[in-house]
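Q: What follows is the residue order along each chain.
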Amino acid sequence: MSKTYFDETHCAIGHPKSTFMQWMLTIDHKRIGIMYAAVMFVFFFVAVFTAFAMRLELFAPGGQYMDGDTFNQAFTLHGVIMIFLFIIPGIPAIFGNIVMPLMIGAKDVSFPRLNWFTFWLYIAGCCIALASLFIGEGVADTGWTFYAPYSMNTGTNVIMALVAAFVLGFASILTGLNFLVTIHRLRAPGMTFFKMPLFVWGIYATAWIQLLATPVVGITLVLAILEKYFGIGIFDPAKGGDPVLFQHLFWIYSHPAVYLMILPAFGIMSEIIPTFSRKEVFGYRTIALSSASIAGIGYLVWGHHLYTSGMSDIAKTVFSFLTFFVAIPTGVKFYDWVATMYQGKIVLSTPMIWALGTIITFAIGGITGITITMIGMDVHLQDTYYTVAHFHYAILGGVVFLMFAGMHYWFPLITGKMYNETKAKIAFYLNFIGFNLLWFPMFIAGYYGMPRRYFDYLPEFQIYHQISFIGAVIFITGLIYMFWVFFKGWTKGEPTTPNPWHATTLEWHLPTSPPPLDNHSKVPYVDFDPYEYKHGEPVVKFNYETMQRID
Amino acid sequence: MGHEYVPEIAIDRDGNQHEVQGWQGDFYGGKLGFWLFMLTEVMMFGAMFLALAYYNTLHPQDFLDASASLNRLLGGTNTVILLVSALTMGLGLLRMRAGDVKGAKLMIWATIILAVAFLVIKGFEWTAEYHHGIFLMHDKLLPESSLPFGQKLFFGLYFSMTGLHGFHIIIGIGLMLWLLKRINAGKVSPEHHILHWNIALYWDIVHLIWVFVFPYYYMIGAGGATGGH
Ligand code: HEM
Ligand SMILES: [Cu+2]
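These protein sequence lines map, in sequence, to chains A and B. Numbering of the first sequence is given in our numbering, commencing with residue 1 and proceeding in unit increments. Numbering of the second sequence is given in our numbering, commencing with residue 1001 and proceeding in unit increments.
Chain B extracted, bound-state conformation:
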């Protein structure tokens, strides 16, 4: 397509040469761009946490009660899975940078499998909640049910946020598959791995958000624990 960059030189008054930065193959530009994008993700989830914190102060007891009924075992398992997946993802990037493409691919696959496991467990959780009558547009969460407002808000936000987080996991899996394709096509290599770098960063943010979601939803009610469903 003819976008290849021929580094250009600007010359100042004293005749010194200065290399001009082009947009093509700008590794730091790509990294900076993705960092900024992740900042918007943080702001987005941040606004949701704000809403959550606000309702928490309005209905503290309802929140504790609702939280107590979540399944901490499954949630906890998922937390561990996600943390390990962050590790595999990071190792994959290290492998790539060290020139070990095969090892990197293996690590990416491991991450994908863990991500799928996360979703499966989340699926079990949601199904169980559904059977307890707790689901959007369903039974206990309907406007006419007698569940206190605070609990309804808790669960409404719970489904919104874990749903949105799950959506990010799905996107992440898609990105990793795409990354594998690019690696196989030789478009991502130890010399040119900005895509790998950025997807690893993305995955870091995804797991970081969960690290906040988990205590906020699952743990606050642990004190009066009556066990999960």
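With the rest of the complex left out, here is chain A:
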């Protein structure tokens, strides 16, 4: 039995004896991915807990457990953690690291030491964010968008939150850079761009956004820090600055950041759907190119966040028009996924039902997104719970759900074990039902005018908040249960073979499960398409000794 990446590793400095230090210093992309996952899910639950506290407060009108200021800090903490610490870096840092190199037949990313450094930079950013909780007047109360001029004037610890966001942004840039070079340089011989698995395409498009958009917000944050610290009046109108400029610069990044989250998630979907339909993916090229075009168009639509901030009518119209355009490549992807399933041998394993569930929730998120793309609608719905429901459907019901789908899908690959299918399915239904109960009523409440970021409300909205609360309890139970199933699977689950799902992409053609330290013991020559099935069976088979095809 050969050794796996759990047994041995390469380290950034020397080779320490203790297992703990070997993890801290490891430069193996798989281990780094696992460490990201561990840290991120701890933060995820911290943010879920803050969200639960908010839901508890919102159970009834009036103030119960916290005052308005604390509520402001609660949603800021929740937003900052969920966005900057969890979901923006999430899928690339975890699955981009663990499976992307395996998928292209690389032994590691192009700069493994940089990868290690990036991980610790991310941790540094998290520490700064956490420290802002305890220093000065406590965590920022601005919302995760840090809008000027309020952020320039509040007494809370905005500077630290900005520094944290900057450091995290820097980590994100370096991750993207590393992946871009990896994808350009380290693909197995024969693997052209159009032979790459679709998840790699998702990561590739994402990496470009990380690289080109993040510096813009980075410098915006730096300017805001300088302004707060040195009194330069760049964004504060009291000093001659323009707060709308802040919003422009902020959304030039943060809108593409939405695609930063969703493109790798779509990549996961594009892996799962063909595998569990046992069919070649429909429209491989259109899916691949739609990722690229979403990334491209995504740059040009930031203005839809500023309809109510003061912009010329022409600008508004142009931004609205362009925003509708993003729906086209997104629609193409959905169409391709459904077409892939058509007449396929659908296997309803847990990853697949997560993917199918996400098609529903993300469709709701997407369609409600279109409604607020329309200027007239948005002026009415902006900053109501309609918007809150929309982005939770899109981010939580889209990105996070697909992340969970990916966790089930690649679980046997990463751990070499299998979780309990029945229990995992129960966890899915708890999550799915809880989620819809939690957020759907908010569309209605928002439509009737329930504003967001308020800790108090009129009694007529109570019923929605109460249903929401019940949904939150079910959802959070489902989350905890799901992680428990994972934990049990990892510690007590059945060992698996390297390719339990009959998948076709390279990461499943490894000699052992979990993978050996050096990934593919021997790199194959890739002269096949990523998803080739015949009569429901993978076409390409390898001799794992020589990595020569034997089909």
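None of these hints come from the bench; they were simulated from the model. All figures in this text were calculated on a predicted structure; none of them were measured in a lab. Take the hints with a grain of salt, since some may be wrong.
As the list claims (entries may be wrong) - Below, a sample of chain B positions facing chain A; criterion: calculated Cβ distance under 7 Å:
(1) 1008
(2) 1021
(3) 1023
(4) 1026
(5) 1031
(6) 1033
(7) 1037
(8) 1043
To be verified - Here are a few chain A residues that sit away from chain B, every Cβ distance over 12 Å (derived from the structure):
(9) 138
(10) 145
(11) 214
(12) 246
(13) 289
(14) 383
(15) 440
(16) 448
(17) 499
Using N, Cα and C, we set each Cβ at its ideal position, and we do this for glycine too.
We have chain A; now place chain B with the ligands onto it with these hints.
A: Below, chain B with the ligands alone, put in the same frame as chain A:
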């Protein structure tokens, strides 16, 4: 550490051999990575120029007035210094590639000295401005001073951008010293000079940014010139 790369061969169905690219010693990968990183620098300064251009259109006259009061002589000298330093840096890389390690080191030292000169002059400039009451958190730039908003914005951005640029120069000096250390240790050599290459690229971007900073801040007010401080 055992990361040495043994080139691997993948064999296709017809039995042809294909060399597998490893991450170890991947010269082009290293170059590509650094180019991409420089792209982020461009985006970063680009966003600042965007802010600058925007405020320029809002307060054109204030910008001209403020610009007129900058010291074009010192700024111009610095521009020349930086351009020459870009030349020495490039020559150093050529020397290295031609196998002349000693000449390369000399050129790197020359670049370092020019970079330090740049910082010293910048220091003089900032001090002079300070004495005229123009500095962050100081006198004329305080919110309550009567200097027009446009001028305050101009100077605020001026200090931010030249400061950030100066910071890049300092980092550059650090990188060059490190490069010299690596050369002396034999880790950078004519056969293996990706680090030298990348630092030269970095220096190019640093001087390129200045080539935009200089006209934007110093030159636009030259028409109504009343001379510098
Ligand atoms: C357990 C699941 C979650 C619950 C119960 C929850 C609940 C909430 C609540 C009550 C708010 C405040 C709404 C308002 O008053 O405006 C909120 C805001 C927000 N949530 Fe969540 N949320 C959850 C998961 C997530 C996830 C997974 C993300 C993203 C990855 C996310 C991102 C945000 C953001 C960005 C805000 C806006 C914060 C701000 O206004 O600054 N949430 N959430
Ligand atoms: Cu947007």
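Q: Each hint: holds or not?
A: For each hint, the structure was consulted:
1. 1008: It holds, given that the least Cβ distance between residue 1008(B) and chain A is near 6 Å, below 7 Å.
2. 1021: Holds: closest Cβ of chain A sits about 6 Å from residue 1021(B), inside 7 Å.
3. 1023: Interface hint status for residue 1023(B): holds (5 Å vs cutoff 7 Å).
4. 1026: holds, 6 Å
5. 1031: violated, 9 Å
6. 1033: Where the cut-off is 7 Å and the nearest Cβ of chain A is about 5 Å from residue 1033(B), the hint holds.
7. 1037: holds, 6 Å
8. 1043: For residue 1043(B), the interface hint holds, since the closest Cβ of chain A sits about 4 Å away, which is under 7 Å.
9. 138: holds, 25 Å
10. 145: holds, 17 Å
11. 214: It is violated; residue 214(A) is separated from chain B by about 7 Å at its closest Cβ, not greater than 12 Å.
12. 246: Incorrect as stated: the minimum Cβ-Cβ distance to chain B is 10 Å, not above 12 Å.
13. 289: holds, 22 Å
14. 383: Label holds. Min Cβ-Cβ 26 Å, cutoff 12 Å.
15. 440: holds, 39 Å
16. 448: Fine: 39 Å to the nearest Cβ keeps residue 448(A) off the interface.
17. 499: Fine: 20 Å to the nearest Cβ keeps residue 499(A) off the interface.
In summary, the numbered hints that this structure violates are 5, 11, 12.
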